[in-house]
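Chains as they are written, first to last, in my numbering: chain A, 1 to 170; chain B, 171 to 731.
Hints listed in this document are in silico derivations from the structure and should not be mistaken for laboratory results. A virtual CB, placed ideally from N, CA and C, is assigned to each residue, including glycine. Any given hint might turn out to be false.
What the hints assert, rightly or not - Some but not every residue of chain A turned toward chain B, in silico, with C-beta under 10 Å:
1. Val-3
2. Trp-10
3. Leu-13
4. Ala-29
5. Phe-81
6. Asn-140
7. Met-159
8. Ser-165
9. Lys-167
Spelled out, the chains give:
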Amino acid sequence: MHVDGTEKKWVILSFMMAFAMMGILAAYAINKNIHPPSNVETIDSTTLHLSEEFNEDNLGIEKENDGSYRVTMVAARYGFFPHDLKVPVGQPIKFRIASADVLHGVHTANTNMNTMVVPGYISEVNTTFPKVGRFPMYCNEYCGLGHDYMWSRLNVVSMEDFEKSLKEAD
Amino acid sequence: MHAQVEASTLNMSTSESSKSTYTESVSGLCLANLWIAFITFALAAFMGLYQVAERSGLFPKIEFIELYYRSVSSHGVIMGFVLTTFFIMGFGYWISHTTLKIPLWGGKSLGWLGFLISLGGTAAAAVMLFMGEASVMYTFYPPLKANPIFYFGATFLVVGSWVWCLQMVMTMNAWKKLNVGAAVPLAMYAMTANAILWFITSLGVASEVLFQLIPWSMGWIDKIDVGLARTLFSWTLHAIVYFWLIPAYIAFYTLVPKAANGKLFSDEFSRISILMLLVFSVPIGMHHLYVDPFQDAGWKFVHMIGTFMVAIPTLITGFTVIASMEVAGRLRGGKGLFGWITALNWSNPMVLSGGLSLLMLTVGGWGGMVNASYSMDVAVHNTQWITGHFHLIFAGTTVIMYMSTAYYMWPSMTGRPLFSTKLALLQLWTWFIGMLVLTLPWHILGLLGQPRRIGVAPYSEEFTAAWGPYEFLMFVGGVILFFSAVIFVVNLLFSHFTAKAAIMPVMEYAEPMHPVLNIPKLLNGFGFWTAVIVVYMIASYGYPILQFFLMETNGTFPWSI
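Put together the whole structure using the sequences plus the hints.
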């Protein structure tokens with residue numbers, strides 16, 4: 001078997017490049033705890049309205065005992081519920097999302113909040129929004145002829161405004 | 171070394187004369203496959219034109235959302251499954267015939283049987299798609315349900331191609347028995363690897379369709395587990411890309427250097443690249459499920475490692491092809507660091523497409539690093555970035571090589587010269603330019619947040635204000651590509667009516683710079699590597715599939731579109 005010297009160097013370099021990429025991703029995963037949203041948890045999508053967590057009255061944002069926030073959402077043709085969502089800036093937020101019908105996806109553009117919403121399973125995304133602003137939440141998986149129309153707004157507001165809005169709601 | 175070369179030349183000329191009638195009939199089988207590929211391609215290219223026009227917002231009168239999704243589904247199924255499968259079968263039969271020079275195992279009638287099974291399945295699926303009974307995209311994710319005939323049709327398309335897989339493997343084995351110890355010609359070795367790859371990877375979607383989609387769409391079972399279905403589909407979804415890509419690599423290794431009047435830089439490293447693609451491309455499909463809930467992050471990490479491993483054979487291929495082209499350029503008198511590039515015969519369609527394809531592979535490969543990344547994928551998942559990425563790598567890098575390979579093979583199949591080389595060059599340039607004008611704006615639209623698979627964008631102006639210019643460019647790119655697709659098909663069609671060549675043109679492959687005298691067994695067969703894949707598959711997909719049977723899951727009823 002004939003191996004050219006330059007070729008051998010290139011092959012070694014190729015391996016090094018691939019390992020470097022893996023190393024960077026592994027380092028971020030371990031040190032910064034950055035993982036893709038994963039949550040092996042089942043639910044019966046046909047009876048969401050009967051479940052405690054995804055009952056219509058219980059959707060929206062809640063403060064947890066440890067001071068972090070939890071958003072409970074339902075994706076259903078063709079919208080996200082609650083439709084208008086206000087969340088505080090710079091706070092750890094856990095999204096829990098279930099589909100009431102078919103496969104959906106939700107992507108808050110310009111943020112790293114992006115997950116598939118799969119009937120039969122509960123999606124979880126842990127994130128912190130660093131900037132105040134209005135962001136679109138798009139359904140990013142074809143879910144039927146109304147797919148284009150499936151979107152909602154996410155308002156990331158300052159802690160002050162967020163607490164004010166909570167008081168108004170009460 | 172000399173004796174070896176002479177022997178192989180002698181061998182070539184004797185078999186050439188003794189099997190001339192056999193040539194005629196196999197070229198019929200090849201041309202039938204290739205024409206099904208290219209007729210459906212032209213149809214799907216027209217759908218692509220409609221889709222960019224519809225999405226540009228310039229023609230409100232043609233914005234019919236139902237028609238749009240019917241078109242997107244048909245475009246995807248044809249380009250991804252029909253064009254590719256039929257082209258690869260036609261190319262494979264021709265490689266087997268022109269490199270091994272022995273009759274096809276099972277005879278050409280078995281090849282025709284496979285062709286008819288695939289064609290029947292395609293026709294049935296196409297009718298459903300065109301009637302709007304299967305507007306479920308080429309990924310047909312449940313619980314959206316298509317007419318069951320669509321699933322049956324897709325199954326027959328795949329089953330027909332399994333006949334081809336068997337013929338590739340068995341014909342190569344028959345040749346090895348006749349030529350003990352000799353290296354299987356590289357083109358055939360790589361095509362057989364592709365047949366094995368396709369068989370293994372198609373088992374994922376085949377299980378999904380046979381055990382889940384068909385019983386469920388027929389109403390035999392009420393519910394379907396979407397998590398299991400998506401996991402099985404991911405098994406197929408990534409390696410299928412390499413099934414499409416390997417024929418382009420075969421052209422890189424064996425046709426581009428020949429057309430450039432050069433030699434293949436390294437036969438052995440070409441084999442190693444192909445084997446790495448074979449081993450690493452199947453057990454990595456879960457990077458398509460990075461943001462799916464039902465798989466643990468650890469499994470996604472395992473698949474990410476394989477995903478980056480599979481970049482290595484592509485990097486080696488890049489080196490081998492560029493080195494081969496440099497050797498050709500220097501043989502033609504090119505001097506200095508870059509002089510060999512200008513010395514190459516860029517007016518040869520195969521050389522030109524090789525250069526353009528490598529450029530698209532480089533740009534598309536960079537983009538692919540983002541969606542392949544365990545942590546970065548969330549920024550672009552299911553945005554227009556993804557559509558941009560796979561159009562650049564598949565429709566650009568891969569299909570441009572299918573086109574030049576068709577130009578290259580046509581004279582040896584028809585016995586007639588190509589209708590117009592100039593038109594072929596114009597076609598390749600417009601395909602390249604059109605693809606960049608289409609896909610680079612798509613990458614940007616993805617970063618701006620635009621989701622994929624949307625027909626209109628009824629979102630608030632505050633979020634879509636920046637999209638306009640990129641959508642206009644997308645439309646321009648689509649128009650250029652449609653023009654290019656038309657002249658591609660017209661050129662091939664007219665080539666059936668040019669005057670017969672005085673001497674029957676021969677399909678020629680590049681010789682390696684260093685003739686392969688002793689081929690290690692591992693680089694000349696697939697038994698060991700198939701076993702490695704099976705073990706690797708069980709390790710990386712075993713538990714992720716098994717878990718759906720171990721935990722209590724709730725299925726989902728069918729939904730119409």
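Against the structure, the hints come out as follows:
no. : hint    : verdict
1   : Val-3   : 7 Å, holds
2   : Trp-10  : 5 Å, holds
3   : Leu-13  : 8 Å, holds
4   : Ala-29  : 6 Å, holds
5   : Phe-81  : 18 Å, violated
6   : Asn-140 : 4 Å, holds
7   : Met-159 : 24 Å, violated
8   : Ser-165 : 20 Å, violated
9   : Lys-167 : 27 Å, violated
Taken one by one, the earlier hints fail for this structure at numbers 5, 7, 8 and 9, listed in ascending order.
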